[in-house]
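Chains as they are written, first to last, in full-length UniProt numbering: chain V, 1 to 421; chain F, 1 to 421.
These are calculated hints, taken from the structure and not from any lab test. Take the hints with a grain of salt, since some may be wrong.
The list cannot tell twin chains apart, which means a pair is met if one copy fits it or any two copies do.
Keeping only pairs whose Cα atoms sit at most 25 Å apart, straight-line, the calculated DSS-like set for lysine-lysine is [to be verified]:
no.: 1; residue 1: Lys129; residue 2: Lys321
no.: 2; residue 1: Lys51; residue 2: Lys321
no.: 3; residue 1: Lys372; residue 2: Lys48
no.: 4; residue 1: Lys368; residue 2: Lys48
no.: 5; residue 1: Lys412; residue 2: Lys162
no.: 6; residue 1: Lys56; residue 2: Lys162
no.: 7; residue 1: Lys123; residue 2: Lys306
no.: 8; residue 1: Lys123; residue 2: Lys321
no.: 9; residue 1: Lys372; residue 2: Lys162
no.: 10; residue 1: Lys383; residue 2: Lys48
no.: 11; residue 1: Lys51; residue 2: Lys372
no.: 12; residue 1: Lys383; residue 2: Lys51
no.: 13; residue 1: Lys123; residue 2: Lys51
no.: 14; residue 1: Lys368; residue 2: Lys51
no.: 15; residue 1: Lys313; residue 2: Lys51
no.: 16; residue 1: Lys123; residue 2: Lys56
These numbers were taken from a predicted model, which means no experiment stands behind them.
What follows is the residue order along each chain.
There are 2 protein chains.
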Amino acid sequence: MALNRAEVHNMAAGPSPLPTSVLQQAAKGLLNYNGTGMGVCELSHRGKEFKGIVEKAEADLRELLQIPDSHAVLFTQGGGTTQFSSVFLNMLAYHRLKSKDVPAEQYSPPTVDYIVTGAWSSKASAEAKRLAVPPTPNAQALANVHIAATTKPTKFNRVPRKEEYNFTNDAAYVYYCENETINGVQFAGDVDSPAAVPFDLIPNDVPIVADYSSSFISRPIPHIERHALIYAGAQKNLGPAGVVVVIVRKDLLVDTNEAALLGGVPVCPIELEYKILADNGSLYNTPPVFSIYVSQLVLRYLIEEKGGMAGVKETNEKKAKLLYAALEEAERKGLVRLTVSDREARSWMNVTWVIDEADGDEESSREKRFLKGAEAQGFRQIKGHRSVGGIRASIYNAVSLESVQELVNYIKNWAAAEKWM
Amino acid sequence: MALNRAEVHNMAAGPSPLPTSVLQQAAKGLLNYNGTGMGVCELSHRGKEFKGIVEKAEADLRELLQIPDSHAVLFTQGGGTTQFSSVFLNMLAYHRLKSKDVPAEQYSPPTVDYIVTGAWSSKASAEAKRLAVPPTPNAQALANVHIAATTKPTKFNRVPRKEEYNFTNDAAYVYYCENETINGVQFAGDVDSPAAVPFDLIPNDVPIVADYSSSFISRPIPHIERHALIYAGAQKNLGPAGVVVVIVRKDLLVDTNEAALLGGVPVCPIELEYKILADNGSLYNTPPVFSIYVSQLVLRYLIEEKGGMAGVKETNEKKAKLLYAALEEAERKGLVRLTVSDREARSWMNVTWVIDEADGDEESSREKRFLKGAEAQGFRQIKGHRSVGGIRASIYNAVSLESVQELVNYIKNWAAAEKWM
Chain V
1 MALNRAEVHN
11 MAAGPSPLPT
21 SVLQQAAKGL
31 LNYNGTGMGV
41 CELSHRGKEF
51 KGIVEKAEAD
61 LRELLQIPDS
71 HAVLFTQGGG
81 TTQFSSVFLN
91 MLAYHRLKSK
101 DVPAEQYSPP
111 TVDYIVTGAW
121 SSKASAEAKR
131 LAVPPTPNAQ
141 ALANVHIAAT
151 TKPTKFNRVP
161 RKEEYNFTND
171 AAYVYYCENE
181 TINGVQFAGD
191 VDSPAAVPFD
201 LIPNDVPIVA
211 DYSSSFISRP
221 IPHIERHALI
231 YAGAQKNLGP
241 AGVVVVIVRK
251 DLLVDTNEAA
261 LLGGVPVCPI
271 ELEYKILADN
281 GSLYNTPPVF
291 SIYVSQLVLR
301 YLIEEKGGMA
311 GVKETNEKKA
321 KLLYAALEEA
331 ERKGLVRLTV
341 SDREARSWMN
351 VTWVIDEADG
361 DEESSREKRF
371 LKGAEAQGFR
381 QIKGHRSVGG
391 IRASIYNAVS
401 LESVQELVNY
411 IKNWAAAEKW
421 M
Chain F
1 MALNRAEVHN
11 MAAGPSPLPT
21 SVLQQAAKGL
31 LNYNGTGMGV
41 CELSHRGKEF
51 KGIVEKAEAD
61 LRELLQIPDS
71 HAVLFTQGGG
81 TTQFSSVFLN
91 MLAYHRLKSK
101 DVPAEQYSPP
111 TVDYIVTGAW
121 SSKASAEAKR
131 LAVPPTPNAQ
141 ALANVHIAAT
151 TKPTKFNRVP
161 RKEEYNFTND
171 AAYVYYCENE
181 TINGVQFAGD
191 VDSPAAVPFD
201 LIPNDVPIVA
211 DYSSSFISRP
221 IPHIERHALI
231 YAGAQKNLGP
241 AGVVVVIVRK
251 DLLVDTNEAA
261 LLGGVPVCPI
271 ELEYKILADN
281 GSLYNTPPVF
291 SIYVSQLVLR
301 YLIEEKGGMA
311 GVKETNEKKA
321 KLLYAALEEA
331 ERKGLVRLTV
341 SDREARSWMN
351 VTWVIDEADG
361 DEESSREKRF
371 LKGAEAQGFR
381 QIKGHRSVGG
391 IRASIYNAVS
401 LESVQELVNY
411 IKNWAAAEKW
421 M
């Protein structure tokens, strides 16, 4: 049975829904961009049309997130996973160049601090360890990868408490993932919350790196100016998979080959070096034109039709409150368990809960009934990530308040029915 | 003035035109894929719909190019430029693992052989040199980058002659670029041509790596089975920019971290490691879904509507012959100069010539008149690359024989008019 867009509530964790009006515009641009007789994917990336798209995307992003002039905005490829490597290699080069006068044999590899709050920050720290292999078996590792705090022992059910952080004074950088898509745990947007990123505990001159992939442009970024680097894969709130935005302090744009020639740090593959991208206005080689184009349309749409970052934040907060309230009610009845125990660290984007655990009956489990019923009501892609199970409703920017209200109604009806089973 | 697609002849060098019927289908899929009520960019890459797209794309590509079972087909990101680095890092790891028992202090870095025939192979060899920086200033470079032949002294106006090649017996690999997009020079498709890739001169056990970005699926790949690795960026003949196809011999899929632990070679960033991609069916992280989707539609279209590889080759050969014949005629009249002097090495995809050189008058130059007239007739994006100047007509798969015929007519009329000026 063929369905139309209005009949489904797509709550996928990523790739995720995009606004219908944006997709309609993109479909036109695909065949004919601005009356050029050529589609947007058929234009030279060096021509004035495409350069205009990149410039507009950057300007709108700067406006939405209040990005300071001290930072460059780059569009690149390879997904967030490639950034795990880029961050490590570029930050190591930056650190090496700060001590240019130290000869190779006297240079001691730095420590890099990771805050681990879920699957993605775990992967990021694992990649740092993987890349830190010493050049010869008896030499020192290229960096000491230090876990500054982790909530793994409690299955990532919260962010660390202030007293659990253990930062290194002269770390090459501190890394965190603002929103953990799989685990549904997010640092609080309010900087005064105990679940906020612990900016006050991080030594002043240590660069801060953040993965914002799954919460990008869903609300303002607290202390954006304090970050050395923020990156985000597009495929949650911004546009089609294939483009990554990097916001990076300009003094961090370094020649990794120059650093490697000093000894003690590896060269970064050219396409992964931020300086190369910045020097070429994100057009060092052919960029992912369609993903950038749709992202630009989404940014414009947020400014023109959604009230900018303030409007988007307000709607997202309402959506999250509504859904968590319904789930908390079901939790009190013993029907579900919210996997993030600390309310202030519950994600506004990925709402995760389990059902079976409260039931125990595998065959005719509540979870199966829940999912089957949800499917029939048009909810899509709400099964939890294969690594953690359960249910996950991802309520990114393009998921409307009405869709969330429908889910809340569904949960309430389901809970009422379950009580009598 | 708004133009429609039928009014322009888009001869861009890349991103390049795509078949209109494919774009129409893609525009529908963008809003609603197969009646799911969700667009193709909004589907989970781990769901059955998207996995189906990847599987179909691979199957069609295997059929079109007769890819042997010994080789894996991967879809990745980062453009051809990222492959410059990936090739070097993965091939070095492969070479290191072949001599697992050699301790780090006895391991000597290998030579890598590059055939340089234009801008892209120059860049590829430069990246190998850039990455080969020794781990400490007094150590050996990670590899000796050797130019096995180059036509740079004659401004890349041909491919090397047989006697000009100087291959290394135990090279870690030999690298070539089959078609140089900027310079309009291509190895001959006929293996018996003196302008063919010199397979007979390359030692049997030396792996061969080829960049096929701008001639991919334009005709069969000679000796495909002899290649260790072939890669191609999509944005010429295959689909929208953002995806790269890698065809790689399965025994070359190695763990670069394992190799680095032996000492003497660096670790490859995880997303650039072929083994990781292969182990995860190209879905290690979120792939560029839209680019893969459109590529799959293009492959189907070539099989169903263009007579497969044989049909495509026949049309491309006709197009090239027609255009070169017209240009040769103008050359005999002293109006143009074809930049590739060796007929057998003239690209079927990127046809390059200069006009001003034959004229000399900068202000009212023939080249300007040519370009202005061409623009008025609907020809688009035919200015030569900024690094070489002149004219470049890129006549990829999606440029019809009729469009090429129109260009030929235009050239003839222009040449007739120029004679009287």
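Tested hints:
no.	hint	result
1	Lys129 with Lys321	neither (38 Å within a copy, 55 Å between copies)
2	Lys51 with Lys321	neither (40 Å within a copy, 35 Å between copies)
3	Lys372 with Lys48	between (50 Å within a copy, 17 Å between copies)
4	Lys368 with Lys48	between (53 Å within a copy, 19 Å between copies)
5	Lys412 with Lys162	neither (36 Å within a copy, 77 Å between copies)
6	Lys56 with Lys162	neither (40 Å within a copy, 51 Å between copies)
7	Lys123 with Lys306	neither (34 Å within a copy, 45 Å between copies)
8	Lys123 with Lys321	neither (30 Å within a copy, 53 Å between copies)
9	Lys372 with Lys162	neither (41 Å within a copy, 67 Å between copies)
10	Lys383 with Lys48	between (44 Å within a copy, 14 Å between copies)
11	Lys51 with Lys372	between (47 Å within a copy, 22 Å between copies)
12	Lys383 with Lys51	between (40 Å within a copy, 17 Å between copies)
13	Lys123 with Lys51	between (34 Å within a copy, 23 Å between copies)
14	Lys368 with Lys51	between (49 Å within a copy, 24 Å between copies)
15	Lys313 with Lys51	neither (30 Å within a copy, 34 Å between copies)
16	Lys123 with Lys56	neither (33 Å within a copy, 30 Å between copies)
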